[in-house]
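Participant: Sequence:
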Amino acid sequence: MRVPPFERYAKWVQMLGVLLLGMLLGAIVYNSIYHAQFEALVNLKSDLEIKLEQYETDIKSLTQFKNQHTVIKSVLPRIEEEAGQNTGRPQLDKVTEAELIKRIKADLSVFLGQSIYEIDSDAQLARRLLSNKIYTNVLEKDYSIDITTILVAENKLQVWVKVRLYARPPS
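In the working numbering, the protein residues as written are 178 to 348.
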């Protein structure tokens, strides 16, 4: 039996190789675009969930305290951005930041309805309670927070916090 010469099919094999390589590169580019758009969608969803929750609590507190003009009606925790990169602050994604803000807001919700003129003693108490507070299992990591600034303006309690990764002590 005779084997046909391979030289006759070399052009076809090259074209098939180029076609397969093009398909592979196209799939890689498509997949990277898909993942970038999906990550942008997840970040947008997280931002919108934060805003929706804030608006719902604002509406609830505004209807609850609509006749009281000297009380704290909402709590706005903010995570401080530090200028240097080597400060020990982790790079937080939007989902982790949203979860931390949600937990801080739940801890500070005791201030809702408190008089803005009597916030001084309560602010010191909150600072002591939340100083080096550890939030465990936030998207499988632990974080510690420190309150840096507490400000009451326009019936809103604004709290700035620093966030650091918490390293568990060896047992």
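Keep in mind that the hints were calculated from the coordinates and are not lab data. Don't take each hint at face value.
Here are the computed lysine to any residue pairs in the SDA-like style, where the Cα-Cα straight-line distance is at most 25 angstroms [what the hints assert, rightly or not]: (1) 271 x 213; (2) 282 x 242; (3) 279 x 220; (4) 282 x 344.
Participant: Look at each hint and say if it fits the structure.
Facilitator: How the hints compare with the structure:
1. 271 x 213: 15 angstroms, holds
2. 282 x 242: Holds - the C-alpha atoms of residue 242 and residue 282 are around 18 angstroms apart, at most 25 angstroms.
3. 279 x 220: Status holds; Cα separation ~16 angstroms.
4. 282 x 344: 23 angstroms, holds
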